[in-house]
Amino acid sequence: MSHLIAMHLPLLHHLVIPICLRTWLGHLMMQNNKNVPPKNFMKSWAQKKCWLNDRHSIVSLNIIATSFNGQRIIWSMQQCIKRHLYPKINAENKSLPHKPTAKELAHAQAIVNDFIPFTHGKVILIDRDAGQVVAVIEFIPISELTSTEKAEINCITTFLHKWKKFVYPIAAGRGWGGRMWGVGWRKCIKALELFGRYIKLRAARSFGREYFQLAIQSQLVSRILGRMFKSMGNIPFKSNRELMEKHGIPSFASGEFNNCLSKFDCAPHITFTTNGFYNQPHCDKGDASDYAFALFVPVKKSDGTLADPSTEAGASGGRFVFPDYKCYIAFQPQTVRSRRSTLVGIETTWENLPSDSACQSSSSSK
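Residues -26 to -1, 1 to 340 (mature numbering (1 follows the signal peptide of the UniProt record, and there is no 0)) are what the sequence shown spells out, left to right.
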């Protein structure tokens, strides 16, 4: 019985804090301070309350201008402890670690099964010790999407699906399974070359009209993604734009390097994944920006349009894992999208993500 209680305490902590913070924390402190004099206990609680208020103020600076105003938020404060899902692979310390075996994958999934799952609502994950926002997450069920939101999501996903015809997948060494594509300005860019080193020149020349139409559509996609990012966090959005303006970095939708940014431009490139993509736990180090935005969407393999798991067979979900914070984002089939605005330098991994189920927009400049 005690083992079961120990397993479920983190989940209770995560769910109860937004509702009755003072009662729950006070109860835990009383259990750990049975012989503490009342005066010292009240002093300790006052210090704890001050600490929590300071952390809340730090978070508010980043969240206050988001679409969460007036809505219930699940606050999850977790301690950062280094964890390795693949200890043997990590011990090898290779720049290109080998793909895990079936046994190693099963071991990693067993570890993650005991982590805290985020499955619904609006969640803010906070580093308990550093007071930093690790991730801002929102889940929107298909049934709650407006017709406009569905049209915008379809615009993004079909755009990326069509671009697979004109760009090469990123090297297999970047992931352990599935495929990832990049669209936009990256290293080794050349003037007037919209999609940098990823472009298939022969395909672009052979299907010039289709290529040109997609290049025009990229402006609309950039606006939609920019609005989504801004609604998640105005300050991170502005931070990325200011960085791009300061260094003359173009938007992924720009055809020339020195083009001015439009109102919602906030990323020089985007990446998207298909075919059950997953990768090793890693930290995105060396990025010029501090924030990234991601959009996870279940789509049809055939044309990239938004899938409805309630009416279509074969829908499945996956997990985006934060190993060091012992939690993960669970992609349930009935959930249309989850979005996150997160600080870089946090170790994350995609675990067993279903095929053609996600697209990711990243504001990081590498």
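These are computed hints drawn from the structure, not numbers from a lab.
Some hints here could point you the wrong way.
30 Å max Cα-Cα, derived DSBU-like pairs, lysine-lysine [claimed, not checked]:
id	residue 1	residue 2
1	K62	K73
2	K174	K73
3	K73	K274
4	K136	K124
5	K68	K56
6	K124	K275
7	K136	K237
Derived DEER-like restraints, expressed as beta-carbon distance ranges [stated by the list, open to error]:
id	residue 1	residue 2	range
8	S236	K136	31 to 41 Å
9	L70	D282	23 to 33 Å
10	N249	N67	25 to 35 Å
11	N249	L70	18 to 28 Å
12	K212	E118	36 to 46 Å
13	K139	Q193	35 to 45 Å
14	N249	I85	42 to 52 Å
Ideal Cβ positions, reconstructed from N, Cα and C, are used throughout, including at glycine.
Run the structure past the numbered hints and jot down the numbers of the failing ones, going up. Failing hints, ascending: 8, 9, 12, 13, 14.
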